[in-house]
Amino acid sequence: MKFALSDEQISLRDAARAFLAELPGPHAMTEQDGAYNADAWSRIVGEQGWTSILIPADHGGWGFGRMEMAVVLEEAGRKLTPSPLFSTVALGVTAIDTLGSDAQKAEHLAAIAGGATATLADQGSVTAQRDGDGWLLSGEAVRVIDGDTAEILVVWTNAGAFVVPGDAVQRARVPGLDTTRPLATLRFDGLRVSDEARLPGADLERVRLSAGLLLAAEQVGGAEDVLDVTVDYTKVRKQFGKPIGSFQAIQHACADMLVLVESARSAVWYAAWAMDVGAPDAELAVRTAKALASDAYFRCAGSAIQLHGGIGFTWEHVCHLHFKRARAGMALLGEPSVHRAAVAAAMLDGDSAWT
Amino acid sequence: MDMSFSAEEELFREEVRTWLGEHLVGDFARLRGRGGLGDMDAFVEERIAWEQELGRGGWTGLAWSKESGGRGASLVEQVIFLEEYARSRAPGRAGHIGEGLLGPTVAAFGTDAQKARFLAPILAGTEIWCQGYSEPNAGSDLAALQTRAVRDGDNWVIDGQKVWTSLAMVSQWCFVLARTGAGSSRHEGISCLLVRMDQPGVRVVPIRQMTGNAEFAEVFFDGATTPVDHVVGPVDGGWKVAMHTLAHERGASTLGQQADFTNELRALVQVAKDNGAANDPGIRDRLAELWMRLKVMRLTALRTLSAHDRGELPREAMITKLFWATWHRDLGELAMDVLGPDAAVLREGHDHDLHRLFLWTRSDTIYAGTNEIQKNLIAQRALGMPR
Chain B
1 MKFALSDEQI SLRDAARAFL AELPGPHAMT EQDGAYNADA WSRIVGEQGW
51 TSILIPADHG GWGFGRMEMA VVLEEAGRKL TPSPLFSTVA LGVTAIDTLG
101 SDAQKAEHLA AIAGGATATL ADQGSVTAQR DGDGWLLSGE AVRVIDGDTA
151 EILVVWTNAG AFVVPGDAVQ RARVPGLDTT RPLATLRFDG LRVSDEARLP
201 GADLERVRLS AGLLLAAEQV GGAEDVLDVT VDYTKVRKQF GKPIGSFQAI
251 QHACADMLVL VESARSAVWY AAWAMDVGAP DAELAVRTAK ALASDAYFRC
301 AGSAIQLHGG IGFTWEHVCH LHFKRARAGM ALLGEPSVHR AAVAAAMLDG
351 DSAWT
Chain V
1001 MDMSFSAEEE LFREEVRTWL GEHLVGDFAR LRGRGGLGDM DAFVEERIAW
1051 EQELGRGGWT GLAWSKESGG RGASLVEQVI FLEEYARSRA PGRAGHIGEG
1101 LLGPTVAAFG TDAQKARFLA PILAGTEIWC QGYSEPNAGS DLAALQTRAV
1151 RDGDNWVIDG QKVWTSLAMV SQWCFVLART GAGSSRHEGI SCLLVRMDQP
1201 GVRVVPIRQM TGNAEFAEVF FDGATTPVDH VVGPVDGGWK VAMHTLAHER
1251 GASTLGQQAD FTNELRALVQ VAKDNGAAND PGIRDRLAEL WMRLKVMRLT
1301 ALRTLSAHDR GELPREAMIT KLFWATWHRD LGELAMDVLG PDAAVLREGH
1351 DHDLHRLFLW TRSDTIYAGT NEIQKNLIAQ RALGMPR
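Which chain is which? The protein sequence lines are B and V, in order. The numbering used here puts the first sequence at residues 1 to 355. The numbering used here puts the second sequence at residues 1001 to 1387.
Quick caveat, the hints were computed from the structure, so don't treat them as lab data. Everything numeric in this text was worked out from a predicted model, so none of it was measured. Check each hint, because a few of them may be wrong.
Output of the computed footprint for chain V on chain B, the stretches with three or more beta carbons under 8 Å from beta carbons of chain V [to be verified]:
| no. | segment |
| --- | --- |
| 1 | 3 to 15 |
| 2 | 198 to 209 |
| 3 | 229 to 237 |
| 4 | 288 to 302 |
Built from N, CA and C at the ideal position, the CB exists for glycine as well.
Just chain V, same shape as in the assembly (with noise of 0.2 Å):
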């Protein structure tokens, strides 16, 4: 047991922090804050820019090995990264879905063509890719997709419906799961394509969503063509792929989430304090609540950590989504009480702040696996319960 961080993660702490008060500034300050969950929308094209910045001091790809022309950066390097990311305030990233997603896949299926091709534009920031997975009659059962991809000469022809697609509107790629098999059904004769945006057969849809905007896209393939080699994986073998994207979700994407709840909580006392709620017997012992899981949540992740360079996944690893999505909703319930009487009216700063909070965490519970099936997984296979 030993909490601390050794004197290089401190001088990498040291280092990042630096590099984002230099970079942070000019064009950019504006956007700390700025483009998160939530808030996907906003500054899109600036923190596209910021992307490419990012990009040029190599502080993208921090994760992927040196041979992807990553930084191999250790885990514990990797949440140092994310923390003092959310501590500068650093914006939402634009590059997330190609860095966390689609760029490790090619690096473990892809081809060297491939990996040539679709690394390098990556870590630069010059494309942008987001994720076709879900459908409307596919959600949490991916399994149910229909979209369907038919081999005509050197192409794929591809019609279907992808739903829920963040970052649609600007990408210039997207990955796609489709069926590829003659009498493909559920797991068997999947296929994982990259398919360009910019053509005559793909057409987006943005969802305008309870929050009142748009952060994501309905995605609608009408012919839409992609070359034979843009399969990542084996034809008809792609949901071994998919899996392996989706671990790289529900693994990387969370880690530095803490810091990034920090700043909202401590905003929240700020409003607290302000208005006279941090009186109110019931508002402090639910704060004190929100703040001890959120203690906690850092320390379950610290714990995977440890277990992960041992090379075990252990159970504790498993609660993790449900544990912060529903964290998160608290945090936006308890805004709204903390708001009082006020809760009723929507006004700009920070309350209105506290309103998307709490409008946009209803969604936490639901993407990335809804609680309920993450109960399901925790069920079947930490506890070993019978399906």
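Bound conformation, chain B alone (with noise of 0.2 Å):
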């Protein structure tokens, strides 16, 4: 029984600190074109390999575990590092690993760690017909993330899920809550695929489980920063002639910061490795991580306004991002009350042993 970090899993961590202190933050990103920083995205590919933890070795990876990501993933949760990290390894690497064939995976997951960037389109109405040998795919998808950029894209159909280039599918972001994570929509005008395109693994349920774990791990780096944020200020932000930090309404209200953020912490880095392991509570135990780190960094995220008083409200500040990605991300890869129904139903409705 041992439920902490490795040794290296603490390395990890501490270098992926080290190294996302150095790239441009989320301000640059928002102030400018929108556009993901190029170079700061060929150094996580790079120097980092992050697009690697996921991959299986025999496919050029690091076959590591998802307990490795959420580390790295806190970490870029933190800064709220702009890069097409997560719509990589959580939707792209983890789509086309779980519903891959050896072939798929070979060609798209050695590209990816090689650099490609990649996603996945679940939401909407696609539709694949047959056409002859091939498929055509007509329809939109919503609420694509990093839809607009991927360079590939693993679409889910009334007929399973396509692996398509994305430069051949028409799309457009559209405007987001959080500046820091593009959302698109990708319309398919009978586009022709041929059918070794199309996936053959079907459960797209656990994809979504997977990477709703790693949006959570996300999560609680972002509950995290804004809880260290904020005290920090506390701390010098003087009012009737002392520190804010020594009133107790203030100290209360960050203690229940700290509340959320360990006790959501404790259920991702569980979730992570129930499902590296195949547990048997996998499936619950990621509803649960989802479900609290979703709830954890939006009201954190609230708190931190708060606390700041006035500067919170800027929009020069970092707390505004973290509050909108907080909402953005609590309605990505099912809502907390999605979550909490499933167990509801796990505990109430059957006669699984939900304990």
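With the hints as a guide, bring both chains together as one complex.
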């Protein structure tokens, strides 16, 4: 029984934290053209190799687990690092690795390990129709994370998933609440793809759970950052002749934030372990992690604005970027209420051993 | 990261489970599910007999060192024992204050003579202890205590009042924090005295709680005496001793609680299924939320244990009390909502348990450090915010 990061995982975390501190922050993206910094991405892929973490060694990756990926994403979440890392690893790699054939994995995972970006389009109304020895894809996919830039798209349809090149599709960014994580609408006007583009796997739910867990890891990092920023500020901001952090009302709000952060972290670590080893309660563990981490991030970000006072309401401060990412992330990959409903069904509707 | 138990630990679990199954029979069988928090005045004599049965089986003093006569069990073994204990619905421990608080304190600070005199009867369940810390004017602010002990020849003579003393009615001994130093104030000049309860200068008055029963008492000391060698730790240096005891209270006693809470949540789920509340989306949402937080309670406790093995006191350890107290109070409130209109009616059986849960849990966020004090501690010690 050891419920703690290993020495290697701690080293990975520390290295990630040091590296991310050198990258441009979220304001750069928000202020400029809303595009990712290409240099930052090439360093993430080239120097850190983070896109290879989840890719099996057979396909040119490191073959590590979700626990290692979670450690890195927690750090990326902390700094709101603008990059296609989340979509590529949590959605792209997971979808191809879970649903793809060996040949598809060999082709696409190797491309991702080499720096290609990828994402999953599973919301909307894309349909696939047989067309001779191929398929015709039609309809619209919505709220696709990084859908306007991803080089590899995995599209979910009535006939399962297809992998298509990003530039084969009409796509447009939609205005998003979270300005550091673009969403796009993809339009398929009878796009013809070969049968080899169809992924044989059908377990979309597993892909979504795995991605939800990784989003939860990122949310824990974000929640912890707003707590840290807030505590630091309350130690230096003086009113009534004292640091506001000496007032109980402020202290208690920060204590509540710490409870949320550490609880969510416990849930995320366990869920990562449970999915990696295939524990029987892995699904419920992931639902717990996503629900608690989403709630924790949103409540912490809201408290951070309140405790900062006026400065927390300004455009230049980091608080609103966290607040917006927290609320947008809550809506992705299952809102907390959706996960609670699934847990309630396991508790109340079946004879399953929910405890 | 490895969340599984070793083969040795699984064997230990089997040993605990088997022993409890074989011994919670006969007269002890009816104690199942009784005597826990909110019910500590139930079957007290029978639970003392059970304590002695545990002692004969070698299950008292699990966490104590072997030199103290204990089992020297690892933290994981302690967790396993507490989980199995709760799973078998074995009764609330009558000896928990001696085992969990006084014993470890005597082991850490006591003289050889004190160890020889006091430890063995705790392990055997033949001497029950109560704790004389809180006073009417010293609750969260323990250093405001006013009980005084004055040296008179070979004895200390004690005058004052303690309050919220559980098991005072049946205890042979009380460990009392009293002012002994001349000019004593706040943390200075306090001593920890071991005082016999069965003497003319000690009067015990039960406190009837809002639950209707009386699990605690006021204890009045009016010229009570104890020999001079019944001071644990240095005379006038008892504050450090008291803090050591409280550290034990907050660490060990919360360890196996999730298993008790799981029993309660399971019972509530059954009520919700039986009365149709399980079809209400709002109730479903809150049951799921409580289940999630209960899981996390266990996980955070396991993180704390793993850090403890590395000799660290991580900040997540400091959220434990606030987390479980708030969780339990939320469970009590949800229990009433599951009952719906029947919340207004007291009946026997499940409903009665739910009302007791609902009322008792108002105390969880008060004793052993109120939620407000816990948040002060988290802010100042875990987050380093200024005092």
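Tested hints:
1. 3 to 15: holds (count 5)
2. 198 to 209: With 0 residues in contact (Cβ-Cβ under 8 Å with chain V), the coverage given for the segment 198 to 209 of chain B is violated.
3. 229 to 237: holds (count 3)
4. 288 to 302: holds (count 3)
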